[in-house]
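S.K.: Each chain, written out:
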Amino acid sequence: MDWKRTREPADAWHMTDDLHVEQGKGDPFAAAIRATRMSMIITDPRRQDNPIVFANDAFLRLTGYERHEVVGKNCRFLQGPRSDKEAIAQIRAAIANETDLSVDILNYRKDGSTFWNALYISPVSNDKGELQFFFASQLDVSDRKRSEHRITADKDRFEKAVKERTAELEAALEAQTTLLHEVDHRVKNNLQMISSLILMQSRTVSDENLKRSLGTMLERIEALSTVHRRLYQSKDVSRFDVSDFARDLISDLLTASGRSEINPTLDLEPIVIPAEKATPVALMVNELVTNALKHAFKERPDGTRSGSIGIKMSQPDGHLNIEVSDDGVGMADATGDASFGMRLIKSLARQLRAEIEWRDAGPGTRVVISMPNGPQPKGNQS
Amino acid sequence: MIEPLKVLIVEDEALLAMELETLVQDAGHSVVGWATSLAEAKDMVDTTQADIAFVDIHLTDGPTGIDVAEYIGDKNSMVVFMTANPKRIPDHFAGAIGVIAKPYTMSGLTSALRYLQEGVRRPPPTSERPAGFTLSPAFEMVWAPAA
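These protein sequences, in sequence, are chains C and W.
The opening residue of the first sequence carries number 1 in our numbering; numbering runs sequentially from there.
The opening residue of the second sequence carries number 1001 in our numbering; numbering runs sequentially from there.
The reader is advised that the hints may include incorrect statements.
[Unchecked claim] Listed below are several chain W residues computed to face chain C (Cβ distance under 10 Å; list not exhaustive):
no. : residue
1   : Leu1020
2   : Ser1077
3   : Gly1108
Since the hints were made in silico from the structure, they are not lab data.
Computed from a predicted model, the values in this text were never measured in an experiment.
Glycine included, every Cβ here is placed at the ideal spot set by N, Cα and C.
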């Protein structure tokens, strides 16, 4: 196609002549620009208000204008009330600074309808570096913009839904935590009440055997109390530090019995067990220590029953090992309450799948409990 | 022999107050009064001379134990909280010495009484700090400074 012979306004004829001369590429180049489906214009910044000097057919199809309506005008007629001010400012700056620009802007057709224009502007200079034209291409990206908007709207809606759900879950967790604290509070208070009842009752009893029996019961309840006091001190209520418990228990039992002549030797690794094992382990250790305190040490000529009680806790390869030892008279006779204590220990061991063994330590007795215990959690529990 | 303590009990559970009174008396101290609410406690603080008050956080009129502690603090008496929910105690402990966590054991409480007697009469206390007893940060600095 010989573009020189098409009907164009006077300016455009000069323009295409100019283009031909300046670019020196000949007809095929200009023909390609005229025929391409990509909307393109050329403006002349050397003229007043940088008017359009060339617009191809694709530009006219895109914007709905006739050629004579656009040539000679500044292309700001494409802008309208909803065109982004920021994008307009960017275009102005690119023209003023003679720089490249790629920007998406909402433009208006002749009929007032809008389209999203992926605008590309580039200055064109001659060999001497003097600005000759601005070249601009326009691509209708309304579809892309629509899906972008839809994605943004979907994302906003999704984020809002997630936010609402998170708030619901947080409220539920809050309620559950409050409930847990309330239940924990009641359990502790009730344990305290049970201890109080036994203590007050035992004071009114004159029968020594009955008093002793109530005393043993109180010790067992207090072992449970110590478990519960310790259980909710850590942040993780599902884990229980059994060595902390052992320290509390031995100091408690020694003070309660007034047996200051008994020397405790503790060798305790920090060992954490699941909360559901806390009570049976605690009761078992309580039985073994109170048993040793009551039966292991014979009265000496000076009236005292001195000796030492040891608790050792370690955890070789996935096992919890507890050793309770004394240097007393050896295996105690299982009589009366002691036989219940023994049954209790054996039943608890079965519950914990623990192996329990009484060894003659010469002097004294060494009870060794070994039970499976899972891997230790990382980090500090308290 | 250290002079025994005059103790005020602020506790809404009658049974626990009874037991505490018994254990306090067994340890050679005396109980000057028992209050179950903020109003009763204030009245008793104004009309009796107590060296130390054992204060539950939750009383018959709600979680007013903290207010009781602040009121007593203004009168220059000592306070020890007794609660099953130590997490409810504010960080500053409302001026209290510390907290005995419920459920306490008989010997735990007896040891705490001895420790507090030393602390009130001849500070700082020399006996070992009992299991289940926690000092407030302020008293920790005075009674148990890090070596």
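S.K.: Taking each numbered hint in turn, which are not upheld by the structure, reported in ascending numerical order?
M.R.: Structure breaks hint 2 only.
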